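Peer 1: Chains A and B are the protein sequences, given in the same order.
With positions in the first sequence counted from 1, the corresponding number in this note's numbering is that position plus 265.
With positions in the second sequence counted from 1, the corresponding number in this note's numbering is that position plus 168.
Errors might be hidden in some of the hints.
To be verified - Straight-line C-alpha distance at most 25 Å; calculated DSS-like pairs for lysine-lysine:
#1 237/B / 185/B
#2 237/B / 225/B
#3 185/B / 225/B
#4 271/B / 334/A
#5 233/B / 186/B
#6 239/B / 271/B
#7 225/B / 239/B
#8 233/B / 314/A
#9 323/A / 271/B
By construction, these hints were calculated from the structure, which means they are not laboratory data.
Given the structure is predicted, the values throughout are model-derived calculations rather than measurements.
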Amino acid sequence: AQSVTQLDSQVPVFEEAPVELRCNYSSSVSVYLFWYVQYPNQGLQLLLKYLSGSTLVKGINGFEAEFNKSQTSFHLRKPSVHISDTAEYFCAVRRYNNNDMRFGAGTRLTVKP
Amino acid sequence: EAQVTQNPRYLITVTGKKLTVTCSQNMNHEYMSWYRQDPGLGLRQIYYSMNVEVTDKGDVPEGYKVSRKEKRNFPLILESPSPNQTSLYFCASSSRGWTPNEKLFFGSGTQLSVL
Numbered sequence: 266a267q268s269v270t271q272l273d274s275q276v277p278v279f280e281e282a283p284v285e286l287r288c289n290y291s292s293s294v295s296v297y298l299f300w301y302v303q304y305p306n307q308g309l310q311l312l313l314k315y316l317s318g319s320t321l322v323k324g325i326n327g328f329e330a331e332f333n334k335s336q337t338s339f340h341l342r343k344p345s346v347h348i349s350d351t352a353e354y355f356c357a358v359r360r361y362n363n364n365d366m367r368f369g370a371g372t373r374l375t376v377k378p
Numbered sequence: 169e170a171q172v173t174q175n176p177r178y179l180i181t182v183t184g185k186k187l188t189v190t191c192s193q194n195m196n197h198e199y200m201s202w203y204r205q206d207p208g209l210g211l212r213q214i215y216y217s218m219n220v221e222v223t224d225k226g227d228v229p230e231g232y233k234v235s236r237k238e239k240r241n242f243p244l245i246l247e248s249p250s251p252n253q254t255s256l257y258f259c260a261s262s263s264r265g266w267t268p269n270e271k272l273f274f275g276s277g278t279q280l281s282v283l
């Protein structure tokens with residue numbers, strides 16, 4: 266089965282600084298990759314996804330992620346964060362034609378003024 | 169407004185007392201799923217349903233039951249809750265679970281405490 270490892274449980278950063286949230290995955294078959302965001306007291310929302318094609322994927326709120334097959338990574342980046350980006354971010358992976366979506370443990374991004 | 173509605177938002181109960189967490193979606197989605205979220209473990213899938221009367225186990229189905237008698241509803245049943253089921257639960261739905269272009273819509277969560 267596929268699995269996801271988010272390498273940082275917490276990432277504190279100052280406003281307007283760049284940020285990278287790291288995600289590695291393992292799978293014996295091809296997968297789809299996702300990033301979800303969870304704001305306080307809310308459910309998860311889809312940020313972006315990689316299905317195929319260009320390895321650089323752009324999502325909502327200025328986030329982007331790059332799929333690296335050789336390193337089995339799907340890191341999330343934003344060049345300049347805002348206070349409102351404070352949330353928990355989840356990387357997820359799903360095999361082709363399979364409902365089994367596996368989530369990472371989450372990374373709590375805290376943006377300080 | 170398109171949404172997934174879970175009730176209750178918070179629930180405190182005692183060991184062994186049967187409970188049901190309801191989930192309803194108004195988007196005519198075929199696929200629905202339950203997850204539990206625990207610190208350091210992320211979200212783990214409990215059960216999912218591809219359509220009415222079709223349900224399958226996820227990663228952590230032990231101690232849970234589900235039913236899908238109607239398309240819009242997917243209740244999670246704990247017949248005999250135990251303290252290790254204390255967790256934050258999320259219901260999610262999408263129009264087709266296996267199609268990558270679909271996204272999951274999540275409910276706001278149910279915080280369950282079993283004493």
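Peer 1: Could you tell me which of the numbered hints above are not met by this structure, giving the numbers in increasing order?
Peer 2: 8
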